[in-house]
Structures are given as C-alpha cells and as structure tokens.
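Asks: The primary structure of each chain is shown beneath.
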Amino acid sequence: MLEIENLSITSKKETLVKNLTMSIDSGEWFALVGESGSGKSLTASAIGGLLPSNLSIKSGSIRVCNQDTVNMKIRQRFLGNTITYIFQDYSGAFTPFLKIGAQLDEVLKAHTSWSRSERRVAVEEALRKVKLPETVYEKYPLQLSGGQLQRAAIASAMMLKPSLLIADEPTTALDALTAQHVLTLIHELASEAGCAVLFITHDLRHVKKHATRVGVLKEGTLVETGTKKEVFTNPKHPYTNMLLRSIPDLKSETTRLITSEYDAL
Amino acid sequence: MKRRRLRRKSIVVIWLCLVLGFIAATYLAPHDPLSIDPTNRLQPVTLEHMFGTDHLGRDVLSRILHGAKTTVGTSILVILIVLSIGVPIGIIAGGIGGVVDRVFMRITDAFMAFPDFIVAIVLSGLLGPGMVNLMMAIILVKWTSYARLVRSTVIEEKGKNYILIAELNGVPPLVILFKHLFPHVIGNVLVLGTLDIGKVILMIASLSYIGLGAQPPAPEWGAMLNEGRAYFQLAPHLMVVPGLAIVLVVLATNLLGDRLRDYYDVKTGGS
Chain Z
1 MLEIENLSIT
11 SKKETLVKNL
21 TMSIDSGEWF
31 ALVGESGSGK
41 SLTASAIGGL
51 LPSNLSIKSG
61 SIRVCNQDTV
71 NMKIRQRFLG
81 NTITYIFQDY
91 SGAFTPFLKI
101 GAQLDEVLKA
111 HTSWSRSERR
121 VAVEEALRKV
131 KLPETVYEKY
141 PLQLSGGQLQ
151 RAAIASAMML
161 KPSLLIADEP
171 TTALDALTAQ
181 HVLTLIHELA
191 SEAGCAVLFI
201 THDLRHVKKH
211 ATRVGVLKEG
221 TLVETGTKKE
231 VFTNPKHPYT
241 NMLLRSIPDL
251 KSETTRLITS
261 EYDAL
Chain Y
1001 MKRRRLRRKS
1011 IVVIWLCLVL
1021 GFIAATYLAP
1031 HDPLSIDPTN
1041 RLQPVTLEHM
1051 FGTDHLGRDV
1061 LSRILHGAKT
1071 TVGTSILVIL
1081 IVLSIGVPIG
1091 IIAGGIGGVV
1101 DRVFMRITDA
1111 FMAFPDFIVA
1121 IVLSGLLGPG
1131 MVNLMMAIIL
1141 VKWTSYARLV
1151 RSTVIEEKGK
1161 NYILIAELNG
1171 VPPLVILFKH
1181 LFPHVIGNVL
1191 VLGTLDIGKV
1201 ILMIASLSYI
1211 GLGAQPPAPE
1221 WGAMLNEGRA
1231 YFQLAPHLMV
1241 VPGLAIVLVV
1251 LATNLLGDRL
1261 RDYYDVKTGG
1271 S
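Same order as they appear, the protein sequences are chains Z and Y.
Counting with this note's numbering, you get residues 1 to 265 for the letters of the first sequence.
Counting with this note's numbering, you get residues 1001 to 1271 for the letters of the second sequence.
Any given hint could turn out to be false.
Under the rule of at most 30 Å between Cα atoms (straight-line distance), these lysine-lysine pairs were calculated in the BS3-like manner [unchecked claim]:
{"hint": "1", "chain 1": "Y", "residue 1": "1158", "chain 2": "Z", "residue 2": "13"}
{"hint": "2", "chain 1": "Z", "residue 1": "208", "chain 2": "Z", "residue 2": "218"}
{"hint": "3", "chain 1": "Z", "residue 1": "218", "chain 2": "Y", "residue 2": "1160"}
{"hint": "4", "chain 1": "Z", "residue 1": "229", "chain 2": "Z", "residue 2": "218"}
{"hint": "5", "chain 1": "Y", "residue 1": "1069", "chain 2": "Z", "residue 2": "139"}
Just a sample of chain Z residues kept apart from chain Y, beta carbon distances all over 10 Å, derived [what the hints assert, rightly or not]:
{"hint": "6", "residue": "18"}
{"hint": "7", "residue": "25"}
{"hint": "8", "residue": "153"}
{"hint": "9", "residue": "205"}
To be clear, the hints were calculated from the coordinates, so they are not data collected in a lab.
These figures come from a predicted structure and were not determined experimentally.
Glycine included, every Cβ here is placed at the ideal spot set by N, Cα and C.
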C-alpha cells in the first residue's frame, strides 16, 4: 500500500529525516510515535507532497499503490481519493464562509459525475456515518463544536473511500473523551473501507488501543518498528523503553519521565 | 441572526437612497444650473432661490444638486475603476507568488512612494486641468493600496489549512479562488472602498478648488467653494452650502464604511 524507502528530508542546513524505511499494508493501522520535532509530521507531509518550500526530499522513494509520488506533478487528481489527510487543527479544516454541506459537496463534485441530488444523498450518508445530525449540512463551521468539526473533517476525508488515511495528530486539540470518540470513529470507518491508516501521535495510550503496528521515530531516525505487541512488550531500543515508561498509568507510582535518563540517551 | 439581517437591510436601504438621490437630483433642481442672471446676483436665501444665488446669478441649490453628480458620481466611478485594477493585480500577485509577486509589489512600491496629492497636481498640471485627467491622476495613485490589501489577504488565507484541504480534495483552483478566497477579499475591499469614496470626494473637491479639476461653468462642489471665496463676506452661503454638502457626504460614506466593516468582521458581525 505505502512503501517508503531510504527517505531523507533536508533543509538547507540539516537532515531532518534520515534514511527512513517503512511500509504499510492495506487495512493496517500504523502508528508513528516520537517526541516533537522527531520528523513524524514531515514524513506525513512528504507522502502527499506537502512539504514546505524550504524543505526538500534529498533521496529515497515513496510509493503509494505502486506509484512513485516523489516526482509527481499533478497531485490533485490522485490525492483525495487515494490519500487523504486529517489534521490536528480542526477549526481550519473548513472555509468559514461556506456551509459544511456545500464543502463536502464540492469534494464529490471534483471526483464524481453524480447529479446534485445523488451528491446530496451521499453527503448526508457520510455525515450520518460520523454520527452528525443532518442539520449539520446547512450549518457554517462556526456553528459547530470542535469535536463535531473534526468529525465533519473525517466525513470529508472518508467519503471517497481512500486507500490511505494520514491522520496527523487528529486528537491533540480535543479533550480526552472527544478524542476517544473520534478515534473510534476513524477506526470503524477505516476498517469498513479497508483503508490503511498512518496515525501520527505522541499519545501512546491511543496507540495501545488502536494500532496494529508501531514505528518509533527519534531525531529523524526510525529506531524501532514492529507489531504493537512486540513493541509494547519487548522494546528493543532504550528510547522506546523510555517512551513506554512515560505512559501515565493509574496503577504504578513511578511514571514520571526521568530527565537524567533522557539526557543519557 | 436577526441583527445581521437588519444590518444587511439597512445597508441596502442606504445605498438605494444614495443612488436614487443622484438620479433624482438632476430632476429636483428648480433652475438650470448654468443659466446666468446678472440682475439677481448674490441673492440671499429666498423662497425662489433656497440657497441663494452666486456671483453670476445662478441658483446655488440647482448647482449643488447637479454638482453631486460630478463630485460624488465621479468618486464612485473612480473607486470602481480602481477596484477593477487593484483587485485583479492583488489576486494575481498573492495567488501566483514568486517572481510575479515580487515584480508587482515593486511596481506598487514605486507608485506608493509618491504622495497622492502631489502626483495628482503634477499630472493635472502636465496633462492640463480637467475632470478626466484628474480622474486618471487619482486612479494612478489609488490602485496600489487595493493591490496590497488584496495581496496580503490572499497570502494570509492561502496559508490556511482549509485551502490546503480543498486543494487536497481535488477542488479545482478556480473554484478555490472564487468560493474559498474571494469572500475574504471582498469584505475588506468593500470597506476600504467605501471609506475611500469620502477621500476621493475630498480630493476631487480640493483639486477643483485650486482649479485643476472641473472647469467653469460646470457645477462642482470644490470649484463652487473657490468661486464663492471672493464673495465670502458679502454672501457667506456661497461657501457654506457646498462646504456642508461635502462634509455631509464624506461623513455619510465614512459611517457606511464603518458599518460595512462591522458587518464583514467575522468576529463581531458573524452569526
């Protein structure tokens, strides 16, 4: 589904992602974890060709559905129904002047030749799937809450049944309960569509609950990959070990990140 | 929601009144604004001449009403032309970016370096006094601020996630431009444009006052002020009436501009 080989992303001064190699099969939920600045989001951006102009892919290849995307010029047609994104900033996901329904309709219009009424039915169906009331169709983004907006964004992303969903910290801006709902929703929709998920987060609790495979990124290098079970029960790299120990746990008392240990790494 | 609709209504009403006012002005005028009557010169306010007569015996009320067409009509026309030049340039510069943007913005900088009033005086001086040349001069110095405003709005909005998401979702670029970007631009531009109508009225009036705009005997408020100057002590109404007309119209456009700003400001005027 997605194969990344020896990917290096550089700015003018330094290499931000180093020789990253990973792959995701369809139907898989791959969680990419690591601290801020470790290159998680950069990797996600690189897949869709969304890197900021001061960064570039120095070497390596990214293949989505056996198509090399690194040198692809017209990404528009291929994006949207093959790869789709959900971002952290839900409030910026919709244009404030247009109704939610109209914006979802636009997406369908760009990809299908359906009539207006067919599209309306499809949009309402998509909204129902993310458990939003039908009235949302006629609402402006300002009138929805954060969780509702993020769900509408999911509806928009999953409407076209993409092969790969890239969720770049989709729950960081939401409260814990809403985050759970949103993730469960993504999980349901993704497994229904048989779509692979690249889930970027630094919250290991979510990884524990939803992921099938995990990759740990540290300072641009993928230090460990494996199934969730392997990584969680038998971490090979000391950094992974440290990350795992920092998961807040109700039972144990010593869950704080020990800074001296961190420096030693 | 109710307040919003009310505001929209009042803005439409104000604009309708303005347009109707200008159309009606010509027909409401009780006398020919150009007919000279030396026997009745410098008449005070009477029933027949409600604002008196000027030094050639012309009816001041009629001249004010006809002058509205020149002063206010020209300003609105100037702003419309300025918009049709500045907005596309701003959209192109902001939308395309890169070299195109830099070239356009350096041109804008060059135009902005001139103080507008001086350019207007120089141009009218070079091309000869007259309304058309005056309009050209004002257009030449005014379009830059619109190009800048539109460019910065486009650049600001272009960086936002929803534009990126619309692009990712395969929405065609023109649709993004008109449906996603344009609403942001149009609000700002309308507000600035309305506020600028007042400034352009003042500019036309002041340049006509120093003899570079409307030429006698055409009725124009600034020129009327100038003509009345010599007789100020004998017949103060010759300056007071056109002066008041200018003040009131400029005030009205400014208030309208403020109101439009409230209306288009998503934070205060939104639902």
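Asks: Look at each hint and say if it fits the structure.
Replies: A quick look at each hint next to the structure:
1. Y/1158 x Z/13: Given pair residue 1158 of chain Y, residue 13 of chain Z holds - Cα atoms ~27 Å apart, limit 30 Å.
2. Z/208 x Z/218: 19 Å, holds
3. Z/218 x Y/1160: With Cα atoms ~28 Å apart, residue 218 of chain Z and residue 1160 of chain Y stay inside 30 Å; holds.
4. Z/229 x Z/218: Cα-Cα ~20 Å, so holds.
5. Y/1069 x Z/139: Roughly 44 Å between the alpha carbons, so the hint for residue 1069 of chain Y and residue 139 of chain Z is violated.
6. 18: 26 Å, holds
7. 25: 23 Å, holds
8. 153: Violated, because the least Cβ-Cβ distance between residue 153 of chain Z and chain Y comes to about 8 Å, which does not exceed 10 Å.
9. 205: 26 Å, holds
Hint check: violations occur at hints 5 and 8; the rest are consistent with the structure.
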